[in-house]
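In the order they appear, the protein sequences are chains A and B. Sequential numbering of the first sequence, starting at 0, is according to numbering that gives the first Met the number 0. Sequential numbering of the second sequence, starting at 0, is according to numbering that gives the first Met the number 0.
Quick caveat, the hints were computed from the structure, so don't treat them as lab data. Please read all numbers here as calculations on a predicted model, not as lab measurements. Cβ coordinates follow ideal geometry from the N, Cα and C atoms, glycine included. Any given hint might turn out to be false.
To be verified - A short list of chain B residues far from chain A (calculated; beta carbon distances all over 12 Å):
{"hint": "1", "residue": "Asp51"}
{"hint": "2", "residue": "Ser112"}
{"hint": "3", "residue": "Glu151"}
{"hint": "4", "residue": "Asn256"}
{"hint": "5", "residue": "Arg401"}
To be verified - Sample of chain B residues at the chain A side, in silico, Cβ under 8 Å:
{"hint": "6", "residue": "Ser2"}
{"hint": "7", "residue": "Gln123"}
{"hint": "8", "residue": "Ala277"}
{"hint": "9", "residue": "Thr298"}
{"hint": "10", "residue": "Glu388"}
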Amino acid sequence: MKPGQLRLAGGTIYDPANGIDGEVRDLFIEDGRMVSTLPDGAPTLNVSGMIVMPGGVDIHSHLASASCNHARRLVPEEHVLDPAPAPDLVDQYLARSGTGGTIPTTFTTGYRYAGLGYTSVFDAAIAPLTARHSHAELDDTPCVDGGVFVLMGNDEYLLRQIAAGERQRAQDYAAWLLTSVGGYAIKIVNPGGIEAWKAGQRNLSGIDEPLDGRSITPRDILDTLAGAGNALGLPHPVHIHCNNLGMPGNVEVTLASMQALSGRRAHFTHVQFHSYGGPGWKSAASRIMEYVNSHPEVSVDVGQVMFGPATTITADGPVEYLLYRSSGRKWVNIDIELETGCGIVPLVYKDKAAVTALQWAIGLELFLLSQDPWRVVLSTDHPNGGSFLSYPALIQLLMDRGVRDERLKQVNPKLLAGSALADGLAREYTLNEIAIITRAGPARLLGLKHKGHLGPGADADVTVYSRDPDIARMFSAPRYVIKGGDLVVEEGQLRRAPPGRRLRLAPGYDEALLPDLRRYFEAYSTVSFANYPVRDLRDAPLPL
Amino acid sequence: MSSDRIVEHVTCLGCGCGCDDLTVTVADDRITQVSPACPVGRAWFADGQVPDRVLADGQPVSLDAAVSRLARTLVEARGRCLVYLGADLSTQAQRAAVSLADLLNAAIETETSATAAAGLLSVQRRGRAGVTLGEARNRGDVFLFWGVDPRERYPRFLARYSIEPTGTHVLDGRRGRHLMSVSIGADKALESADSSFTLSPDQEIAVLTLIRASILGNRVAAESEIAAIAARISDQLSQARYAILVHDAEPTAEPRNPLRAEALITLAQALNGPTRAALISLRAGGNRVGAESVLTWQTGYPFAVDYALGYPRYRPERRGGAIVTTGGYRAALLVGSVSANGPAAQAFAAMRPALIGPRASEADVPTTISIDTGVAGIHDEGTAYRMDEVPLELRPCLTGPRSAADVLQQLALAVRAELKASG
Chain A
0 MKPGQLRLAG
10 GTIYDPANGI
20 DGEVRDLFIE
30 DGRMVSTLPD
40 GAPTLNVSGM
50 IVMPGGVDIH
60 SHLASASCNH
70 ARRLVPEEHV
80 LDPAPAPDLV
90 DQYLARSGTG
100 GTIPTTFTTG
110 YRYAGLGYTS
120 VFDAAIAPLT
130 ARHSHAELDD
140 TPCVDGGVFV
150 LMGNDEYLLR
160 QIAAGERQRA
170 QDYAAWLLTS
180 VGGYAIKIVN
190 PGGIEAWKAG
200 QRNLSGIDEP
210 LDGRSITPRD
220 ILDTLAGAGN
230 ALGLPHPVHI
240 HCNNLGMPGN
250 VEVTLASMQA
260 LSGRRAHFTH
270 VQFHSYGGPG
280 WKSAASRIME
290 YVNSHPEVSV
300 DVGQVMFGPA
310 TTITADGPVE
320 YLLYRSSGRK
330 WVNIDIELET
340 GCGIVPLVYK
350 DKAAVTALQW
360 AIGLELFLLS
370 QDPWRVVLST
380 DHPNGGSFLS
390 YPALIQLLMD
400 RGVRDERLKQ
410 VNPKLLAGSA
420 LADGLAREYT
430 LNEIAIITRA
440 GPARLLGLKH
450 KGHLGPGADA
460 DVTVYSRDPD
470 IARMFSAPRY
480 VIKGGDLVVE
490 EGQLRRAPPG
500 RRLRLAPGYD
510 EALLPDLRRY
520 FEAYSTVSFA
530 NYPVRDLRDA
540 PLPL
Chain B
0 MSSDRIVEHV
10 TCLGCGCGCD
20 DLTVTVADDR
30 ITQVSPACPV
40 GRAWFADGQV
50 PDRVLADGQP
60 VSLDAAVSRL
70 ARTLVEARGR
80 CLVYLGADLS
90 TQAQRAAVSL
100 ADLLNAAIET
110 ETSATAAAGL
120 LSVQRRGRAG
130 VTLGEARNRG
140 DVFLFWGVDP
150 RERYPRFLAR
160 YSIEPTGTHV
170 LDGRRGRHLM
180 SVSIGADKAL
190 ESADSSFTLS
200 PDQEIAVLTL
210 IRASILGNRV
220 AAESEIAAIA
230 ARISDQLSQA
240 RYAILVHDAE
250 PTAEPRNPLR
260 AEALITLAQA
270 LNGPTRAALI
280 SLRAGGNRVG
290 AESVLTWQTG
300 YPFAVDYALG
310 YPRYRPERRG
320 GAIVTTGGYR
330 AALLVGSVSA
340 NGPAAQAFAA
350 MRPALIGPRA
360 SEADVPTTIS
370 IDTGVAGIHD
380 EGTAYRMDEV
390 PLELRPCLTG
400 PRSAADVLQQ
410 LALAVRAELK
420 ASG
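Could you put the whole structure together from the sequences, leaning on the hints where they help?
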């Protein structure tokens, strides 16, 4: 018997990437990986009767960034209400205490993700200038492998290359930036709109509206960066938060953005916030899903709104300004030199508020109208639409029509006329589909070959649930969670908290870029070119 | 022939500007030149010499012996410990210190001044409109210096981060910007501004309130001196493409009106209706902003954290020397530079604290254990935070004594071992 071996015996396996839909099988783990078999006598965990899935993969969260830390600092009142004593780990003196709320402290974030059965998480928006901070936070976020998406859609150097028609240099710059800051994917937030906000133009509303004084449009930015991500062979070529987030009628710009990148792989994030018809407030979820269903190169995550407290954190500064004015809540805006922005407003989503009820309904419509679960991922845009802790309740809404219809009766119906949800959507997600939208799908969309499945060679990230007719309860308390072969959750209790690995890439670029980039830094940056790249990153880059 | 060694791109933590463009010349293990030099930076680097001693009750001991003894002392006092995060630590050392505090159910205090702390509390109530420093330089076309002339305590702020350089959106540099300054009592503002105003301390908040009312469209029509000043300032701010308000978040000559920070925060926020604007809160150096950042991500709170109940609690009302004398602490661990005559050292003197940090062995305080370490950014590598919370690479230019991060990590291991042994 070798250490690091474990047989999971008798579980009902949901491993959609390998075509396994609820079959009773044994699984085998050795040295942190799934293997095809183990010798007799290997340590065995009896999971018969239980439900076994790969560890969860969160494709879009906000958990480890300078913006998150500004948000954390902004809400001491949430932390006071949610103290998080150190968990009872096997090695108790390695356990860390913290505080929760919508933006928990780092250690608590790692523990709580693991406690939900999630083992990989991506921070979907980091400013490259503060990447060092993101990596430090991830270093202090145990139990989950983590990576960061790098904000580029309003980057001054990139905008200059686009204006000059220097597409190749823009691509080299994107590659240099990802490599320098240890990023995993190119992120675009409100293409051009943040620069418009910073420059006094306030915002851009259509993909062909130019930035003042520059011959650049959101379309150019989308086209250049989607082109770069695809040409570089990035596993997740480009992750897009469209223009006009949260505005009535924004479905037009969302569809135009999708069409602009037709034929190229692109992921459109938190589409719930981008699926509003107009004039006034109405659902346009069916138009979005009609497009997504018929375009296999497009993927989305939903960004479901869940009733309750949230904190909105986004690089989309102009949106947060409007939210501040409409909500009257406290507001942080931080413009980040040469790169991007940051806005924060804490909120409570109330079911009696008509617009919130509409947002909630639209999110569910997107899920329920999806024909290909592999391209429609579960997210709440944590903590923007609600905490990741609300995923189990969301899964229940998808799997249990009775619960969903009851909840629908309690919300403000004013704006729901004409929505598919109000007209009655009978669909109920199966466990296999849940396994796709929370694990197998996001792993595939991220190009993580070793995650999101349980076949030989995969990382031994496994979640085991005890069957429970209350789906929300079942998904909120896994019986066992295994991360990289370590038994992290045992009998429903967090018992081990290994450090997570860093998921990052280092795409190549033409070094002819560097002299020009150095001159630019010397002219405009307040950080030295030589000091900009993050050194001593944990773990080697993944192969491209 | 010269044995000079040149280290480039060195980061200075002398003030919160965190300039990372310094070239340091080293000869015979001493810093002989720093370029570009500012007075604060020169004083910060000096010749880079620091003591290298490990003392127990004033007598030299081995590091291992000192760490084991300290670990025992701290574990015996678990639940009644105070950890003080002083200046000049890398973020890596701060992280290790906070992990120790968690293990020991300790209270944590920091170098955050009472004035700066009041400003952070205002941010927690209101939020803020801010920028990283480069945006001031790249976009700021109207500046309002509120009771501050940055040249004395933040010598390169004007030349490197704000008014003098050309920016992406201010191609003329200084000529493309309009500067206003407001002096308040003993808080003298920039003399070379394009328009200058002088207020008495009791006029300050009224003027800030009138400016904000005007920006919000509610100008008060009054024939008074302060109304006229407020009108001139608000007119100028309204004409900005991007207005930058600058104040000193640290204590200054004039006793700080506790309403100043919040009034400036809300004014900067209000300006984002008609135009764009941000407030820059100038902060002192030594990576104290990094300590607030680490505490925030590990505890949720930027300072005044107490782990006594087994999780972080926020005690912002309970700070300063008073908690040392009335908190019932049995052991105190001071990490980082603790100015010998500063309030912390004075408050701690009666407690015989343990010191881990640069020049610990020379502190003017009776101690149990003193462990000298390097200074962040001079001897110790790692990360430090600028006043705007931008994290910076530290490139040490000298080999110093043991690094503070290493000692604190070793101490954390020893404390864990001691806790396990004591069950």
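Now for the hints, and whether the structure bears them out:
no., hint, in the structure
1, Asp51, "holds, 25 Å"
2, Ser112, "holds, 17 Å"
3, Glu151, "holds, 21 Å"
4, Asn256, "holds, 22 Å"
5, Arg401, "holds, 19 Å"
6, Ser2, "violated, 24 Å"
7, Gln123, "holds, 6 Å"
8, Ala277, "holds, 7 Å"
9, Thr298, "holds, 6 Å"
10, Glu388, "holds, 6 Å"
When held up to the earlier numbered hints, the structure conflicts with hint 6 and nothing else.
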